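2 protein chains.
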Amino acid sequence: MRLPMKQETALFVSSLLQELAAFGDDGNGGVTRLLYTPEWRNAQLFLAKKMEEQGLNTRFDRVGNLYGALQGTNRSGKAVLTGSHIDTVVSGGRYDGAYGIAAGLAALVYLKETYGDPLYTLELVSFCEEEGSRFPLAYWGSGNVTGLYEIGKADRIFDNSGVSLEAAMLGAGFGKPEQPESLRADIAAFVELHIEQGPVLERQRKRVGIVDAIVGQHRYAVTVHGEANHAGTTPMNMRKDALIGVSEMILQLEADALAAGEPLVATVGRIDCAPNTPNVVPGSVGFTVDIRHTDDRILSQFSESVLAKFKEIAIWRELDIQISPWLDTKSAPMNSQLIDRLEHISADLSLASRTIPSGAGHDAQLLTAVCPTAMLFVPSRAGISHSALEYTSAEELADGVSVLAALLYELAYEGKLP
Amino acid sequence: MRLPMKQETALFVSSLLQELAAFGDDGNGGVTRLLYTPEWRNAQLFLAKKMEEQGLNTRFDRVGNLYGALQGTNRSGKAVLTGSHIDTVVSGGRYDGAYGIAAGLAALVYLKETYGDPLYTLELVSFCEEEGSRFPLAYWGSGNVTGLYEIGKADRIFDNSGVSLEAAMLGAGFGKPEQPESLRADIAAFVELHIEQGPVLERQRKRVGIVDAIVGQHRYAVTVHGEANHAGTTPMNMRKDALIGVSEMILQLEADALAAGEPLVATVGRIDCAPNTPNVVPGSVGFTVDIRHTDDRILSQFSESVLAKFKEIAIWRELDIQISPWLDTKSAPMNSQLIDRLEHISADLSLASRTIPSGAGHDAQLLTAVCPTAMLFVPSRAGISHSALEYTSAEELADGVSVLAALLYELAYEGKLP
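Just so you know, the protein sequences line up as chains B and R, in that order. For the first sequence, my numbering begins at 1 and goes up steadily by one. For the second sequence, my numbering begins at 1001 and goes up steadily by one.
One chain only, chain B, in its complex shape:
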């Protein structure tokens, strides 16, 4: 295939992202678009208008996912989808989610202008919600499409102000008459383009990251009990210092994670000490453990092994330990044929690429349940995301569009479904 003009694409995507950032602009360079708020609604309506201007047939589904379609000539009813999500975290960046939609529109416009109608219907989707920033759930958009969620349960879910998901949805003009829909069985492939939200591509000077899998996650809450004692009158060898025991566990976790190697990551992000007073030996310490890997078997083995070592440390130091698992999500491997094609495409375009795990969750992981799925990353400056400082250069934004357009061409125009 021919290539989209790089400068033109860069300008198109950058301009669209800048226009979108006006919806929920927090005045400090950040963006806040929470599900079903006026900012969110106006952004979806703006996107629908943009899609229509570019000749796409648009529709909103029951929960407010927005689709813009190029009708296929083939009557199979199969559709190839690309897109991402329109919502943000509080004071999020301009690229997370929005980039996948702007890039998708650029790709569809280019393909239509260059090659006319596709064989299989080609659709751009702007999922209504992915971040989990307003209601205590995430992936509401793709979750309704793939059957993870049922719209009927929206009356039992509330935001921090006590507004139900259903009430918010009705307020934004979605839901009811008389519900269902959203589920789709016609998707032949899904491709999501996203910023990396990590430092790997930038540090390794890669232009494109080809996601091999979205990681599974195990999270644990650990509590260690020792003895709170007077810091002056208790000799070192008569102490049961919970914080020292936990320090040893934290270093053990790091050592084991480094030994396991990528893509394993393990983090103690939260620690709470009691009584947390300078002159008292810590009596109890609670902390969280977050472990991620693209291979669920390795993830489980690693978790079991390191938690067993925590218990040994506790025994050795005469501390009590309680470990409670509180999150266990499975990894979502991307389609291997699509990974191969993306590697070839990147090489053909002379874009340095690498396969990369996605350490964060994305809509793509839900789509793996219903169709062959691929996911692409472009670099994030300094790995920063969920922040006003989130940034990817216009040239890098255009790189992503080139790879995405090439894959969509193979899928929807050449009809090479995996």
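If you are wondering where the hints come from, they were derived from the structure by calculation, not from laboratory data. Just so we're clear, the structure is a prediction, and the values are computed from it rather than from any experiment. Please note: incorrect hints may appear among the correct ones.
To be verified - To be clear about the criterion: a stretch of chain R counts as covered by chain B if any three or more of its residues have a C-beta under 8 Å from a C-beta of chain B, and this derived list gives those stretches:
1) 1103-1115
2) 1127-1138
3) 1187-1200
4) 1206-1220
5) 1305-1316
6) 1340-1349
To be verified - For the chain R half of the interface with chain B, some residues (derived, Cβ under 7 Å), not all of them:
7) L1183
8) T1267
9) R1270
To be verified - As a list, the in silico DSSO-like pairs of lysine-lysine whose alpha-carbon atoms are at most 30 Å apart:
10) K309(B) with K1240(R)
11) K206(B) with K416(B)
12) K1309(R) with K309(B)
13) K1240(R) with K330(B)
14) K1206(R) with K240(B)
15) K1330(R) with K240(B)
All C-beta atoms in this analysis are idealised placements derived from N, C-alpha and C, irrespective of residue type, glycine included.
Once you've looked at the hints, dock chain R against the given chain B.
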């Protein structure tokens, strides 16, 4: 000398402690007597009455320290003092401070009944404040006697309710007309008997602890800055995890403290992590370091050495570190001649003893500035103090009285001043 009857003494001290515990009884076995409160005032008045019943001449000084004296026959004007403090922490125990006063009264009564008037005036003191639990200072009682504090500055010190130390003092009937006094230049020796507030005597089955020095203390506030990053998308080798760096410092501190050996103790009692979120690599961690030793030179060397190692760990892990000293108190050695005498007395009484550092501060450390000073400990069950669970058996309480009475006999009756 003859010995006080053990059972009689045990009963006397236990009963007096039980009566005292009624003043500020918090209903859960704990006691709260904060400086210049009605509970505190009633307890001091009760003690004055008890002292008078036992034939002591009582007086309150300007700040509310209570003295009960057995007048000496020698006209030198020198006085031998024993006693401790009447105030408590919030929900403190029945023995901390109060025991030294009850035991002192038992000793004076026994000596007077057995030997009549002393050569040097023998005084029991109930210092008004030691704990620092109401106002942001400690040792108000002994500090006024030894010149650490000036009563005139009481109008610039406030409790959490905004009441000035002066107003509280006046409200309790002390201070003004027209101030000074409290300073004493006539004290020939001071002996303080106290519960250990630590586990050493109980674990080592010693009946008496002879304090060789009250420790000096260094305290530091340390802040370590790394980079807050996404726990999923940041590979292990691209992190600057402040909590892992701090964990290494905590283990370094423990290792060095164990290597230095007793009486050095070192504690990280407080730790605060930011942003303290399960799925974010810790960006910064603050913690406190409390280091104590009876030898100021060793204390300083140890502190410098371990803080230098903290800095090396920070450099190695590419973290920023700031270290702020916020407390530096000197150690207070007890009088060596009095230590020797206490060892002989304990041996003569067949009470297993050991010299022991005091890891906590006491009025005795202030008295070292003005006179030869000695300090004695009896065991604390499980090392517990500042708690309703504080406990020392009646027999152990009586042991302390025996040793104290014997030393006071040598000092005040035999006139053997150090």
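Do the hints match the structure? See the list:
1. For the segment 1103-1115 of chain R, the stated coverage by chain B is violated: 0 residues have a C-beta nearer than 8 Å to a C-beta of that chain, whereas at least 3 were required.
2. Counting residues of the segment 1127-1138 of chain R whose beta carbon lies closer than 8 Å to any beta carbon of chain B gives 0, which falls below the threshold of three, so the coverage claim is violated.
3. Evaluation of the coverage hint for the segment 1187-1200 of chain R: fulfilled, as 5 residues show C-beta separations to chain B shorter than 8 Å, against a requirement of three.
4. Under the rule that three or more residues need a Cβ within less than 8 Å of chain B, the assignment of the segment 1206-1220 of chain R holds, with 3 such residues.
5. For the segment 1305-1316 of chain R, the assignment as covered by chain B is violated, since 0 residues bring a beta-carbon within under 8 Å of that chain's beta-carbons and 3 are needed.
6. Requiring three or more residues with a Cβ within less than 8 Å of a Cβ of chain B, the coverage given for the segment 1340-1349 of chain R is violated, as only 0 such residues are present.
7. Annotation: L1183(R) was flagged as interfacial toward chain B, and the flag is violated, the nearest CB pair being 28 Å apart, outside 7 Å.
8. Evaluation of the T1267(R) hint against chain B yields a held restraint, the C-beta minimum of about 4 Å falling below 7 Å.
9. Interface hint status for R1270(R): upheld, as the beta-carbon distance to the closest one in chain B is roughly 5 Å, under 7 Å.
10. Between K309(B) and K1240(R) the alpha-carbon distance is near 24 Å, which keeps this suggested pair within the 30 Å criterion.
11. Taken as a hint, the K206(B) and K416(B) pair is honoured in the structure, with Cα atoms around 27 Å apart against an allowance of 30 Å.
12. Restraint check for K1309(R) and K309(B): satisfied, since their Cα atoms lie roughly 27 Å apart, inside the 30 Å limit.
13. Straight-line distance between C-alpha atoms of K1240(R) and K330(B) comes to about 27 Å, which keeps the hinted pair within the 30 Å bound.
14. Distance restraint check for K1206(R) and K240(B): the Cα-Cα separation of roughly 22 Å lies within the 30 Å cut-off, and the hinted pair is therefore satisfied.
15. At roughly 27 Å between alpha-carbon atoms, K1330(R) and K240(B) fall within 30 Å of each other, so this suggested pair holds.
In the structure shown, a violation is registered for the earlier hints numbered 1, 2, 5, 6 and 7, in ascending order.
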